[in-house]
Amino acid sequence: MQLLSRQLSVVQHQEVAPGVIEIICKQEHALNFKPGQYVNVSLDQLRYPDPKGKTRTFNLVSSPNNSEYLGFSFLKSNSGFKKTLTEIQLNTKIEIKGPFGIFTLPENSSKPVVFIADGIGITPCVSIALYAAEKKLPHKITVLYTSQKTFPYLESLQEIQKENPNFTIQAKSGPIDSSFIKKHVKNIKESKWFVSGTAKSASHIIKTISQLGVSEKDIQTEEFSGY
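Just add 412 to wherever you are in the sequence shown, counting from 1, and you've got our numbering.
Errors might be hidden in some of the hints.
Claimed, not checked - What follows is a list of derived Cβ distance ranges for each label pair:
1. P430 x I600: 29 to 39 Å
2. E546 x P430: 26 to 36 Å
3. H596 x E628: 18 to 28 Å
4. K548 x K619: 29 to 39 Å
5. G465 x P430: 36 to 46 Å
6. K548 x Q623: 30 to 40 Å
7. S591 x D630: 19 to 29 Å
8. E480 x I514: 23 to 33 Å
9. P550 x G465: 39 to 49 Å
10. S454 x E546: 27 to 37 Å
11. L566 x K464: 41 to 51 Å
12. P550 x L624: 32 to 42 Å
To be verified - No more than 27 Å apart at the CA atoms, straight line, and that leaves these computed lysine-lysine pairs for DSS-like:
13. K574 x K547
14. K509 x K464
15. K547 x K598
16. K464 x K494
17. K438 x K548
18. K438 x K495
19. K466 x K523
20. K438 x K509
21. K574 x K523
22. K561 x K619
23. K446 x K466
24. K523 x K561
Calculated from the structure, these hints are not laboratory results. C-beta atoms are modelled at their ideal positions from N, C-alpha and C, and glycine is treated no differently.
All chains should be built: construct the whole structure from the sequences, respecting the hints.
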């Protein structure tokens with residue numbers, strides 16, 4: 413599949429949690445993507461210099477069913493790119509290229525699916541949870557959500573939990589340990605595991621679930637850096 417660049421207009425930007433910015437763009441033609449995937453976002457001009465350039469990678473937080481709008485989120489930082497994007501004016505055009513990534517629900521719904529998300533690593537889970545609820549997918553999905561400070565999208569995910577009996581979310585401040593996992597996941601060895609967060613937190617989580625008997629072939633990761 414050929415990946416085409418497209419120009420989208422920013423129609424909304426807001427701080428959805430302390431330090432977390434969500435950008436909503438209007439799309440004329442719906443992007444064909446799977447929930448959990450990401451895109452490259454490029455700006456025409458930067459208001460502040462950035463040695464890493466004018467492009468970054470962000471996970472989509474909107475559902476593929478939303479043909480009118482496309483959304484993504486990121487942590488605020490002092491990078492020139494993010495400072496420019498945080499201050500972007502409405503109706504400004506940005507370039508989107510993608511989708512990319514395989515951090516997506518398996519087609520086979522026979523195995524329970526467990527997501528462990530650290531901080532902004534929750535973003536792919538938002539798109540997946542929205543889509544699963546809208547499509548009434550049979551997948552049994554559990555999200556274990558950890559954060560040191562704030563929990564972006566937690567309330568939205570808790571609302572989805574009320575609507576979708578196959579979806580459960582549990583949040584915890586600080587690192588997720590084996591006792592927390594055993595408390596909230598029944599079929600540990602029989603589940604498919606998806607881990608998203610910083611390289612350090614992902615490594616810790618993978619070590620923890622491996623010690624609980626989870627096979628390496630049943631673990632998929634997506635690392636978020638401080639771009």
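To see whether the hints hold, each was checked on the structure:
no. : hint                    : verdict
1   : P430 x I600: 29 to 39 Å : holds (33 Å)
2   : E546 x P430: 26 to 36 Å : holds (28 Å)
3   : H596 x E628: 18 to 28 Å : holds (22 Å)
4   : K548 x K619: 29 to 39 Å : holds (35 Å)
5   : G465 x P430: 36 to 46 Å : violated (27 Å)
6   : K548 x Q623: 30 to 40 Å : holds (35 Å)
7   : S591 x D630: 19 to 29 Å : holds (21 Å)
8   : E480 x I514: 23 to 33 Å : holds (26 Å)
9   : P550 x G465: 39 to 49 Å : holds (42 Å)
10  : S454 x E546: 27 to 37 Å : holds (29 Å)
11  : L566 x K464: 41 to 51 Å : violated (30 Å)
12  : P550 x L624: 32 to 42 Å : violated (25 Å)
13  : K574 x K547             : holds (15 Å)
14  : K509 x K464             : holds (17 Å)
15  : K547 x K598             : holds (25 Å)
16  : K464 x K494             : holds (11 Å)
17  : K438 x K548             : holds (26 Å)
18  : K438 x K495             : holds (21 Å)
19  : K466 x K523             : violated (40 Å)
20  : K438 x K509             : holds (15 Å)
21  : K574 x K523             : holds (22 Å)
22  : K561 x K619             : holds (23 Å)
23  : K446 x K466             : holds (25 Å)
24  : K523 x K561             : violated (32 Å)
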